[in-house]
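Those sequence lines, one after another, are chains A and B. Residue 502 in our numbering sits at position 502 of the first sequence, and the numbers go up by one each step. Whatever position you read off the second sequence (first residue = 1), add 1000 for our numbering.
A couple of the hints might just be wrong.
As the list claims (entries may be wrong) - Computed from the model, here is a short list of chain A residues facing chain B with C-beta under 10 Å: (1) Val33; (2) Phe83; (3) Glu210; (4) Gly636; (5) Lys638; (6) Ile682; (7) His689; (8) Glu784.
As the list claims (entries may be wrong) - FRET-style restraints, in silico, Cβ to Cβ: (9) Lys1031/B with Lys106/A: 35 to 45 Å; (10) Asp439/A with Met1038/B: 48 to 58 Å; (11) Lys58/A with His1105/B: 46 to 56 Å.
What the hints contain is simulated information worked out from the structure, not anything from laboratory work. Every residue, glycine too, gets a C-beta built ideally from N, C-alpha and C.
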Amino acid sequence: MMNITRRNFIKASVATAAAASIGLSVTPEAEAVQAVDKWVKGACRFCGTGCGVYVGVKGGKVVAIKGNPDAKTNFGFLCVKGFLAYKCMYHPDRLKAPMIRQKDGKFKTVSWDQALDYVADKFKYFHGKYGKDSVAYYGSGQCMTEESYTFNKLFKGGFGSNMVEGNPRLCMASAVGGYMSTFGSDEPVGSYADIEKSKCLFLVGSNTSECHPIIFRRIMRHKMQNPDVKIIVCEPRKTSTTKIADLWLPVDPGTDLAVFHAMAKYILDNNLHDEKFILENTRITNGKDVTDIAGYKEFLKDFTPEKVEKLTRCPAENIKKAAEWFAKSGASMSLWTMGLNQRTRGVWANNLIHNLHLITGQLFKPGADSFSLTGQPNACGGVRETGSLCHLLPGTKPVNNDAWRAHIEKEWGIPSGTIDPKPGFHTMLMFDKFGAENDASKPIKAVITSTTNPAQSLPNLNKYIKGMQDGFLVAIDIFPTRTTQLADVVLPAAFIYEKGGVYGCSERRSQLTEKCVEPVGQAKADIWIAAQIAKRMGLEKLIPWNTDDVMKNNEMAWTEYIRVTKDTDHTLFGAPYSRMKKEKAGIQWPCPSTDHPGTDKRYMKGMDPMFEHEAFKKKFGINVPADREYYFYMDGKKEGKANIFLRPYAGPAESPDADYPFYLTTGRVIEQWHTGTMTMRIPEIARAHPNGYLEIHPDDAKKYGIKAGDMVEVASKRGKSVLPAHIVNGTLPGVLFVPWHDQAMDRMINFVCNDAVDEGSKEPEFKIAAVRIKKISGPKNVAEKYIISDINSKYS
Amino acid sequence: MAKKVMVFVIMMMLLAFAGAYAKGKSVHPEKMGSQDCMECHADVTPEIAQQWEHSAHGFVGVKCQVCHGDEKNFVKTPTNDTCQGCHALQVDNNTSPATSCATCHKAHNFTIHKAHDYNPTDVK
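Looking at chain A on its own, in the form it has when it is part of the complex (with noise of 0.2 Å):
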């Protein structure tokens, strides 16, 4: 008797069907395109890249996506997550109406004018009590600019309070500190069109592939075009970006500044540095005495390649060659992102890649920039950009800046000294002080978030799920989610296309998304949200775009916020609706009239509009010289240089010990968005990761005797999670790694998750935990493709 096995089969099947297609006509005739009643511009909602899309609309609903092949971002082309997870939309569990949570614990079912009513009542009453800065805002990455810039307004110029605080703390702060302490001014100097010239590519702290998917494609047809072009990755995991490097620098993770240091040793050493454009345009200074190019010299004596090897594993051959590829490439592109962000020295190895560019000249010319890449879509236009941190105001300034504040309030039409100087509570600090009203040592009583969920995405999250559950909590959000369990009322919200507004990429474009549909149920734009509940706090001549036509309240919100920074260096007052409406890829900025299309090159005379724009110049009290090629107008000390910064080594927070024998890195997968609220809800999606893992070298599986599937228990100091065993080759031994999209609370990864902050930045160390692994149990089913759907579930 023949032995067929399952797969046996299939494979016959399989062999059947491919004879079958040669010898019969079954592949059938594809049926035409599908007719769409309109196809309507806008911009991706998932990563920071910016695709343009067109979303397909029939019959009122979206039904449709494809890539906007005139967008100067993608191309036309989407990834999985572009492609797909719009379909999430009208997923069963959408939130359609506004609850309110009761005694017996569930939520009722409420009006929208009594949820508004109750939150407005709340805050209220928390500010009379407790003070202005008792009630908190925590945004998000993925809210529309015009929604950031109505909530920082509503509580910086509202409330006078400055807890305003959003997702982009934990992902962008780092690169933030990194550029405004480098170069004066935040983002990138040049733009995703440089990828295409660049002759050496750096990818640091970066799974291109997964995370940015349609710039690795860029990167990819790059490489496939002109072989000779360089591409060095430089991260603890052999990733699926490494298939197309070159030379891969593999580090032990937050060592890496120790690395980069001794590339600009060797270029230094070598000779390899372009002496002219260090005198002419940089600043070599430890952040308080200058120096020069011997003391440089002296500062990095210690960094051999041979010494950084030992500290880091990095080899030191590995090193040397990349510093040489890196400075005589003739076009070197730098792009990074949470490698380097998501660390307590995070602003520090954002500088030190700054300084390799500055070493060796490796900025302006066609294909060589320092590129901090954007993990959401508009963490840079809607929350850097508009200043929705604590700290700063729109136009990306500092609110303890008193011209800036003084400025903001003319703008804003409040009193002189509404603003407080004083920043307001980062996120960590944030939700640290948040809690019950009893509480005195939680001085933050309310909180209300948008698009966004601290209660899976937050670090080491054990310190901060209480005072989540004991403090007065109001979330903005689409779905069910870890935060609505901890919530007492949750607010349905519209989905991109069903409201409209503009995103702000990576490379300082912004791109118009028109309201497609209708929203699904009683749902509403965050905008609309936060107009009400200022209509109900007496604070409508503030934020007046508090009609029901949701665009016509963007536009409004839009006009005012590039009224407020036009004479900035991030102006986009030459972008008013009716412009962003016609445009087809978007406009980077600074784009200061009408008339003007844009910015490819900053601080570049020629380039950048900043250099005549006279007005610029009075306020900020900038003189650019006439024989100056390349300019740093932002620059502190009106030199317009640079600086390069002579940073300590310092490692991460909490390196492996005996106890805690592992490093554990986090990240993403390139199907799961974030915690997964959406991209799990769609089948394709969630097949593809159904569950999070443990990625562990075979070394040291073989050590603790874990074979493939096996449950795995992974703890730090702060707390563990459970989880199948992935052995694979593509770490190194001693370093582990876990995606962090799965809701299941046993494969919560950030419960281990270190919440040790940057300095600087403020930004947590995501990325490197300390940790010891045992093995639970032999393979156990956990494909379960988990979501939170009932909104009454619990936190458990």
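Based on the hints, put chain B in the right spot on chain A.
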């Protein structure tokens, strides 16, 4: 006996495919379970899996299910609606719109882009 079983299997599969196409609908021949498609297909269709892995789609993570759907919306041959998501211009320019893109652009190596275009020097 073995030969008879194999003939039976082949006949059943032909009938199944014929039936499915007669209704104009593809049916995945197996219950999909919860795992990623590649967990089975790396074994049962290794050549296709390898072709995909070395294609542009493989490099940028456009996995099986992106084009072929899930259990409930499975399609054996992706329609042009799917291709349009990333290749809108090409679909618009298709002079024979009733013909599936896949007719000419054969799965799963429908690009000039191949792994051997890269010559990694240090990443093994």
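Okay, the hints, checked on the actual structure:
1. The restraint placing Val33/A at the interface with chain B holds, with a minimum CB-CB distance near 5 Å, inside the 10 Å limit.
2. At about 5 Å, the closest approach between the beta carbon of Phe83/A and any beta carbon in chain B falls short of 10 Å, and the interface hint on this residue holds.
3. The closest approach between the C-beta of Glu210/A and any C-beta of chain B is roughly 6 Å, which is under the 10 Å cut-off, so the hint is satisfied.
4. Below 10 Å, beta-carbon pairs count as interface contacts, and Gly636/A has none with chain B, the closest being about 41 Å; its hint is therefore violated.
5. Contact between Lys638/A and chain B, as hinted, is not supported at the beta carbon level, the nearest pair being about 45 Å apart and thus beyond 10 Å.
6. Interface hint at Ile682/A: satisfied, since its Cβ lies 9 Å from the closest Cβ of chain B, which is below the 10 Å cut-off.
7. Contact between His689/A and chain B, as hinted, is supported at the beta carbon level, the nearest pair being about 7 Å apart and thus within 10 Å.
8. A least Cβ separation of about 7 Å between Glu784/A and chain B falls short of the 10 Å threshold, and the interface hint therefore holds.
9. The hinted window of 35 to 45 Å between Lys1031/B and Lys106/A holds, with their beta carbons roughly 37 Å apart.
10. For the hinted restraint 48 to 58 Å between Asp439/A and Met1038/B, the CB-CB distance of approximately 50 Å keeps it satisfied.
11. For the pair Lys58/A and His1105/B, the supplied restraint of 46 to 56 Å is violated, since their beta-carbon distance comes to about 27 Å.
Consistency note: the structure conflicts with the earlier hints numbered 4, 5, 11.
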